[in-house]
Each structure stands twice: as C-alpha cells, then as structure tokens.
Amino acid sequence: MKFEYNIKKSLSNKQKHGIDFEEAKLLWSDDNMVEIKTSYEDEEAKHIGVSRQAIIKTWLADKIMQIEHHKVA
1202 MKFEYNIKKS
1212 LSNKQKHGID
1222 FEEAKLLWSD
1232 DNMVEIKTSY
1242 EDEEAKHIGV
1252 SRQAIIKTWL
1262 ADKIMQIEHH
1272 KVA
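Each residue of the sequence shown is one higher than the one before, counting from 1202 in my numbering.
Bear in mind the hints are in silico, worked out from the structure with no lab data behind them. Each hint can be trusted.
No more than 20 Å apart at the CA atoms, straight line, and that leaves these computed lysine to aspartate or glutamate pairs for EDC-like: (1) LYS1226 x GLU1205; (2) LYS1209 x ASP1221; (3) LYS1210 x ASP1221; (4) LYS1215 x GLU1205; (5) LYS1209 x GLU1224; (6) LYS1226 x GLU1236.
The task is simple: from the sequences and hints, build the whole structure.
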C-alpha cells in the first residue's frame, strides 16, 4: 500500500502530537488496532483505525492511502 500525505501537515503533527505521518502509518500494522470502515456506496473507501496509541483516519483512492493522525492522550 502506498501512503500519501502532506509534508507540512506531517511536520505540524510531529510538533503538536509527537508523531509524524511516516510513523503514524506504521500503526496500521498494530495487531491490536480496531479498524472501522465508514464509507458508503457512492463514496471512496474511508477507514478509521483505533489503537492504544492513536486514532488514524484514512481515505483510499486508487490504492493511495491519505492519512490523518490524532494521538490518544
């Protein structure tokens, strides 16, 4: 899977939350993560992943995953 994200947003996320998107994408391989598919028939695939470390929102279009990360307090 190819991940795509905004570099400036990733750097901002690192400053605000202590983790950038390069690190956040690794959380998708967490065996304990719960994945919730939230897309509807007429939309692109959307997923929310919840782990002990983060909440990750993704949008999947043409096998490119865009990510948004929120660290769990």
